[in-house]
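Sequence lines, in order, name chains A and B.
Just so it is clear: in the first sequence, position 102 is 102 by the working numbering, and no numbers are missing.
Just so it is clear: in the second sequence, position 140 is 140 by the working numbering, and no numbers are missing.
The set of hints was computed from the structure by calculation and includes no laboratory data.
In this text the structure is predicted, and so the values were computed from the model without any measurement.
Beta carbons are placed, not taken as given, at the ideal position from N, Cα and C, and that holds for glycine.
It is possible that part of the hints are untrue.
[To be verified] Selected chain A positions facing chain B (Cβ under 10 Å, derived; list incomplete):
| # | residue |
| --- | --- |
| 1 | Gly4 |
| 2 | Ala23 |
| 3 | Ala85 |
| 4 | Met196 |
[Claimed, not checked] Sample of chain A residues with no beta-carbon within 12 Å of chain B, all distances over it, derived:
| # | residue |
| --- | --- |
| 5 | Leu47 |
| 6 | Gly62 |
| 7 | Ile79 |
| 8 | Gly130 |
| 9 | Gly132 |
| 10 | Ala147 |
| 11 | Ala221 |
[As the list claims (entries may be wrong)] These stretches of chain B come out as covered by chain A in the derived footprint (C-beta under 8 Å, 3 or more residues):
| # | region |
| --- | --- |
| 12 | 29-43 |
| 13 | 64-70 |
| 14 | 106-117 |
| 15 | 139-145 |
| 16 | 150-159 |
| 17 | 184-197 |
| 18 | 236-242 |
The primary structure of each chain is shown beneath.
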Amino acid sequence: MDRGLYIAASGMLTEMVRQDQIANELANSSTPGYKADRTAQRGFGELLLSNSRNGSVVGPLGLGVEIDETRTDLSPGPIHDTGKALDLAIEGEGFFAVRTPAGVRYTRNGQFTASAAGLLTDSLGNQVLGPGGAPVRLRGDGSLSAADVGVFAVNGARKSGDSLFTGTAAGAGSGQVRAGALEESATDPARSMVDMIASFRALEANQKAIQTIDETLGQFAGQVGAVS
Amino acid sequence: MLAGLYTAAAGMEAQQTRMEAIANDLANVSTNGYKSLRVGFRDLLYQAPGRGGGAGTQTGAGATAGLIGHDFGQGGLMATERPLDVALSGPGFIRVRGRDGGIALTRDGNLGLTPDGRLRTSNGQLLEPPVQLPRGTDPDEVEIRSDGTVSAGGRRAGRITILNVTNPDGLAADGESALRPTAASGPLTAAPQTRVQQGVLEASNVDMADATVEMMNAQRGFELASRAIQMQDEVLAVANGVKR
Chain A
1 MDRGLYIAAS GMLTEMVRQD QIANELANSS TPGYKADRTA QRGFGELLLS
51 NSRNGSVVGP LGLGVEIDET RTDLSPGPIH DTGKALDLAI EGEGFFAVRT
101 PAGVRYTRNG QFTASAAGLL TDSLGNQVLG PGGAPVRLRG DGSLSAADVG
151 VFAVNGARKS GDSLFTGTAA GAGSGQVRAG ALEESATDPA RSMVDMIASF
201 RALEANQKAI QTIDETLGQF AGQVGAVS
Chain B
1 MLAGLYTAAA GMEAQQTRME AIANDLANVS TNGYKSLRVG FRDLLYQAPG
51 RGGGAGTQTG AGATAGLIGH DFGQGGLMAT ERPLDVALSG PGFIRVRGRD
101 GGIALTRDGN LGLTPDGRLR TSNGQLLEPP VQLPRGTDPD EVEIRSDGTV
151 SAGGRRAGRI TILNVTNPDG LAADGESALR PTAASGPLTA APQTRVQQGV
201 LEASNVDMAD ATVEMMNAQR GFELASRAIQ MQDEVLAVAN GVKR
């Protein structure tokens, strides 16, 4: 009987995780090259219930839900011109590669800057890599040739924070580097708002289910068991 | 469980940083030689949410923004017809004497003369090496060529030195409109391609239209993140409401 409480609670937990993801989506509405996360929900498995007296089948019973996985939608976003020399965007598929202390990471966020040695770096100071895997050197006057910047195809790209992705490089990407432009965040405010409301109502419904089951249990304990 | 609140708050804070940079740009829309600020955005740590999500799930912790330097793009050139106004077209800076006597750099070409006839910037810093004009020279007699050579009445008086650095974002402020090289700015180099134009000033490179659109964008981003905070609050209220 109290199984229902746990099933409804798992629904609430799932919606709360979803709300956290939507909050992250909305917080990144201005992060260049940000890619939207999509969530897939799955059940914990189902039981087939049968009548314990005559064995007739009652039907399946779910045991609750959780978010199965987060999938990042890597489709290219719109590009807008900024006119700033070290703003780069990739038109089409692929990633920029940067060398971080933890190894090579990939990014679509092209808000780059320069190091004292005249090398192109990301905003955290990680060197941006060229097509051959060597750091990209700026011209003597501080300008940049877009062809010097590498675009890599990446398998199994997964977000690791700081606009970076982990994954394994799989040759050159098909995209073209465009200088003086940035890729916009893939956050879709309308979609996020609708998702947020839908998820909130689902959360409320699960709460009501918990309360209803609690009331039922309360009646069992208080009225069915009463002596008078 | 309260993480979502902070995720959304981080988004608001990032937009606030951007808003401050835009306000600074707009305040300097008429400052000669001003270079607009660049704000860099990135997302924050991703981690597994714990209960409610499986092994393949990760939730982000919001966004952050910070200044990543300036846009050193050329500002518009304004003809002033004042003989001691110069503008640089191309990268680089005019070399002046820093407040500590060392090297300082500026793009503010609103020059003037000291009482003893040396060229100085509008806030009084002498050019380095000094350009000494004969005492009492009429500014209208001064001729400045595109390579920076200064002459008065046909006699060469010196040269405006143009220097560049590998990473101009590494320059530190030295007084009001001058900059000072640091280890981060890299070595000083000559800038032979850069031309000096007389009778012209370089305007601020802030584009009013761009800055206004950016400001609206920042405001909308701020609103979106604040909606997420409100929603997180309501979510927590529902969770607390399980126990009546």
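Starting from the hint list further up, note which numbers the structure goes against and sort them upward. Numbers 1, 14, 15, 16, in rising order.
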